[in-house]
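A.B. asks: What follows is the residue order along each chain.
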Amino acid sequence: MKSISKTFPGVRALSNVDFCVKPGEVHSVMGENGAGKSTLLKILTGVYSLETGKIVLDGKPFKPTSPVDAQAKGISAIHQEVSLLPYQSVAENIMIGRQPKNFFGAIRWGELNRLANIAMQRLGLNIDVTRSISDYPVAIRQMVSIARAVDMKCKILVMDEPTSSLDEGEVKELFAVVRNLRDEGVGIVFVTHFLDQVYQITDRITVLRNGELVGMFEAAQLPKLGLVGHMLGKNPDEVQALFVQKAESAHVEGSKPFVEARGLGRVGAVKPFDLEIRSGEVLGLAGLLGSGRTEAARLFFGADKPTSGTIAVDGKNLGRLSPKVAIDNGIGFSPEDRRTEGIIPDLSVRENICLAIHKKISPGGFISLKKQVEIAEKYVKALNISTPSIEQPVKNLSGGNQQKVILARWLASQPKLLILDEPTRGIDVGAKSEVETAMKDLSKDGMAILFISSELEEVVRSSHRVAVMKDRAKIAELSGDQIDEQVIMSVIAGGGQHAQTN
Amino acid sequence: MRKQTKPTAAPRLFLHKEGLYKALLPFVALLVVILICAFSMHFIVINSKGISVKWAALLDTLLVIGRQATPVILMAMAMTLVIATKGIDLSVGAVAAISGVTSAVLLLAPKPLPLPAIIMFCLGIGVLAGIWNGILVAYLRIQPFIATLILMVAGRGIAQLLPTCKPGETEGAILTLPLNNPHSNPIFGQFCELGNGAFLGLPNRFYLVALVCAVTWFIARKTVWGTYIEAVGSNETASKYCGVNSSMVKVFVYAFSGVCAALAGLLLTAQVASADANTMALRDHNELDVILGVIVGGTAFSGGKFSLFGSLMGALIMRTLIFTVQAAGLNWGYALAMRAITVVIVCLIQSPAFRASVANIFTRRSA
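Chains as they are written, first to last, in this note's numbering: chain Y, 1 to 502; chain G, 503 to 869.
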């Protein structure tokens, strides 16, 4: 792929990216969220149309018009969410669209099952292909996807986060199959957020950042730390110098913990962890996307139900947590996905701001417009929300102002702990600094804040303590001088070996 | 310069004042439908002598339409709230039938309960039916369409079987309250009087409608329930994260819908002093009139904002159309066709995409 660019309304998702896969190699595409990995791969697999640049396949120009077209020409994709027909048999899934038929056009079932069996055996799997896909675990389903792709004589196999729903044993099996395919001469493009897996299997790595190509590297010659540096846009040499520095956990002097989590975890989302958040401090959760930081934050609010561990507020165990219980105990939550989980699009700015505090301002369930207007106007002014009026439906506001409305909603509830998951994503620089200033002021006033951001600089600037997440587990807690971009990166890259786990 | 800007500004003024426009449209539509009705029945005659209007006859007709529309309006009020939560209640017709037939069965019992007890019992059935729907939708997470379809089908069956509870009756019989028999229980008269009588020159049921409309409006605009209903319909996840018990909100709106349907059923029985399970259960598609009325009134099926006034107008529009077709002696089929056409027209006018393209034509012509 040469000089690939792609523009979406308002965003340039890719600019002049080159990418090249050789037969018989495993090639990782790395980058933070929004770096353009998916866009690049979707162009390759025909989901998006090619805008500028060109793709050459086996020396011939290649312009896929659809995923089906790309597949027919030898490029198959296996997605994170396995795309199979759940209630059809394994054999039907492998042979779909290519069923062997007899003279009358009826499917020859025996032949179909025989071919499917051969396809599965090529991957070293001996399973009953006549059983329905839904009878098998995710790992097998993944194998079936691969079998289908291989059976279609694919030259390039694109695997987008294939391991995200697999356990360690299953990952090993998958990698064995991938190595087999590589040895057979298939070019494999591999995308994952798990750094360790990249090094287990990859020959070469292409790094993208903000839609631009950072470079292509031999995996053997790019240390983990350098990779993290490239992904985040930091000088790897600079990071290298700090790699040896040992990060230690330390306790911040200060108030007693407001919230204590003990062994809190959720199967498949985040491994059990301990975490304390004190009143008056900003606790940053650092980690790459998919590291479990969002999942951890959601547990504190009961947005997802924990499967293990307990949460205590002010020393009192909360028991079964739900958003309602969390709110009653003074916890506010601004979710990562503002549009689907944060704003109520049809309601006005006033109604959105007042939604979480009706218990306080509407005694007996009777609303007072006057009180609502008062509160809404106060926070619109305090947070500098720009809207024609407080009666404007919130869906008509810009992203930054919507974010501020959500912030206003929780400030109005005067929480003791505010969880802010990516409050600065997708908003302009001015709004960003306003959000940061608000956080600083609030913590000074004694509020505890749990802050998540993909931008390490923000975490470093705002946090009093930082908990580092990796591969769905908390691996370190940093405080004081240790709160430094390079230290955090080295902790992430070091897999926790260099940091004292807490 | 002025000449150029004026034509582009005109459709803009008319077509883009969302709020006012949305509120006025159903009202204007009702006036149009009433005019059509008046012309077809020759209450308004235009000839060489000018326009002559038979006011008395027109007013009488409007009163009749209003009386006939009452059950639909009652159900439309609650349906508006249900639809605002992104739901739908297909079972209102069936619940009305159950309530109507139950009231007749209870009244015809050898020793009937006192009238208030009978009414409360029927309303209670409505609440239970609504809670059933609400639990299916909110807690068992069944699609509202399917969840209420269950009761729509089952309820019709129940309404037909209920008369057999009375000894000696066969399945699906018409239960008639013997009003004219001097020996019969005065309770029949009292029941029908409540539904059909008049007070201060206006039918009793108008006061009932006014009361239900006022209660609905109060719940929707003066208590947190209204905000919660809109919030749940607009973004359920986000409202949960604000501490809104979305399941409770849903059970509440379906229960309210059940009460209103039961009330409508009582009126239907009182209206003709009989409960014909077959007609109530099978032929009258009341739920469709109710749902169409809410759509015409401008409440979106996508949930969120709703208009009670619009639904009131919508229900009246649907009934006026039916009355007009019936009064003109046309086949029932025409009534169905007229309803369909009206809904299509009103929905087209309400569609922002359609209005934008119309506005486009205006601007292009003027340019």
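The set of hints was computed from the structure by calculation and includes no laboratory data.
Just so you know, not all the hints are guaranteed correct.
What the hints assert, rightly or not - Straight-line distance between alpha carbons at most 35 Å, and here's what the computed DSBU-like set of lysine-lysine pairs gives: (1) Lys-395/Y with Lys-556/G; (2) Lys-556/G with Lys-378/Y; (3) Lys-588/G with Lys-42/Y; (4) Lys-742/G with Lys-724/G; (5) Lys-742/G with Lys-381/Y; (6) Lys-588/G with Lys-305/Y; (7) Lys-153/Y with Lys-101/Y; (8) Lys-370/Y with Lys-742/G; (9) Lys-371/Y with Lys-588/G; (10) Lys-360/Y with Lys-556/G; (11) Lys-588/G with Lys-440/Y; (12) Lys-551/G with Lys-305/Y; (13) Lys-724/G with Lys-324/Y; (14) Lys-742/G with Lys-316/Y; (15) Lys-359/Y with Lys-588/G; (16) Lys-807/G with Lys-395/Y; (17) Lys-742/G with Lys-432/Y; (18) Lys-742/G with Lys-256/Y; (19) Lys-724/G with Lys-381/Y; (20) Lys-416/Y with Lys-588/G; (21) Lys-551/G with Lys-324/Y.
Unchecked claim - So the derived list for chain Y, only partly shown, Cβ under 7 Å to chain G, looks like this: (22) Pro-323; (23) Leu-347; (24) Leu-355; (25) Phe-366.
This structure is a prediction, so every number in the text was calculated from the model and none was measured.
Just so it is clear, CB atoms sit at the ideal spot from N, CA and C, and this is done for glycine as well.
A.B. asks: When the hints from earlier in the document are held up against this structure, which numbers fail?
C.D. replies: 1, 2, 10, 11, 12, 21
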